[in-house]
Amino acid sequence: DAGVIQSPRHEVTEMGQEVTLRCKPISGHDYLFWYRQTMMRGLELLIYFNNNVPIDDSGMPEDRFSAKMPNASFSTLKIQPSEPRDSAVYFCASSLRSGGSYNSPLHFGNGTRLTVT
Amino acid sequence: SQQGEEDPQALSIQEGENATMNCSYKTSINNLQWYRQNSGRGLVHLILIRSNEREKHSGRLRVTLDTSKKSSSLLITASRAADTASYFCATAGTLYNFNKFYFGSGTKLNVKP
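In order, the protein sequences belong to chains A and B.
Residue numbers for the first sequence, in my numbering: 1 to 117.
Residue numbers for the second sequence, in my numbering: 1 to 113.
No lab work stands behind these hints: they were computed from the structure.
Mixed in with the good hints, there may be bad ones.
[As the list claims (entries may be wrong)] Simulated pairs of lysine-lysine, DSS-like, Cα-Cα distance not exceeding 30 Å:
#: 1; chain 1: A; residue 1: K68; chain 2: B; residue 2: K100
#: 2; chain 1: A; residue 1: K24; chain 2: B; residue 2: K100
#: 3; chain 1: B; residue 1: K108; chain 2: B; residue 2: K70
#: 4; chain 1: B; residue 1: K108; chain 2: B; residue 2: K69
#: 5; chain 1: B; residue 1: K100; chain 2: A; residue 2: K78
#: 6; chain 1: B; residue 1: K108; chain 2: A; residue 2: K24
All chains should be modelled from the sequences, with the hints used to inform the complete structure.
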């Protein structure tokens with residue numbers, strides 16, 4: 001399996017521009033998570049989906065952030081308009097809830113490093 | 001916040017020595033997991049311990065969990081230079097929060113050859 005695939009790996013943009021981050025989860029996984037990692041705040045859960053449906057978006061910092069999962073193999077995280085404080089590494093992770101167990105490890109992509117100037 | 005906190009923040013040891021990292025958390029958990037992150041990469045799952053387990057082993061890794069103290073430790077025995085990475089604990093909540101994984105701030109481990 002190719003693992004979780006994120007694109008782009010690096011994104012540099014100017015303040016005010018729209019940014020779209022992309023994620024392809026592991027095939028068959030039914031949970032998808034978006035995390036943001038910064039030195040100051042560590043790893044923050046932004047939103048997660050189950051079977052393509054957003055379950056909890058309480059971690060989304062502002063209305064400028066939105067996430068979609070149009071099908072089981074693709075998700076996007078959009079920031080519009082972007083601001084310098086959005087600079088961070090954004091990770092996508094997926095997991096499989098199997099056998100009725102809630103205990104499923106997360107499989108992470110390699111992240112998108114976003115720099116907003 | 002349910003977020004776990006690792007201790008120490010940084011650890012530097014010689015190859016062959018053991019490395020111990022600790023994690024404390026605040027609320028009831030379903031399970032606790034440890035992850036490794038190499039520089040510039042995503043997190044990789046190492047081991048999961050359930051709330052009704054006290055100790056678990058996987059290769060050179062040993063994890064303990066004390067739910068009465070709300071703490072866990074990760075022991076890496078006979079460390080290697082390739083173990084150099086940041087290590088994070090993650091807790092999954094109970095009931096409606098069981099799929100919300102909260103990560104600690106991490107321990108940065110440096111293993112000197």
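### Message
So, against the hints stated earlier in the document, which numbers end up violated here?
### Response
The structure conflicts with no hint, since it agrees with every one listed earlier.
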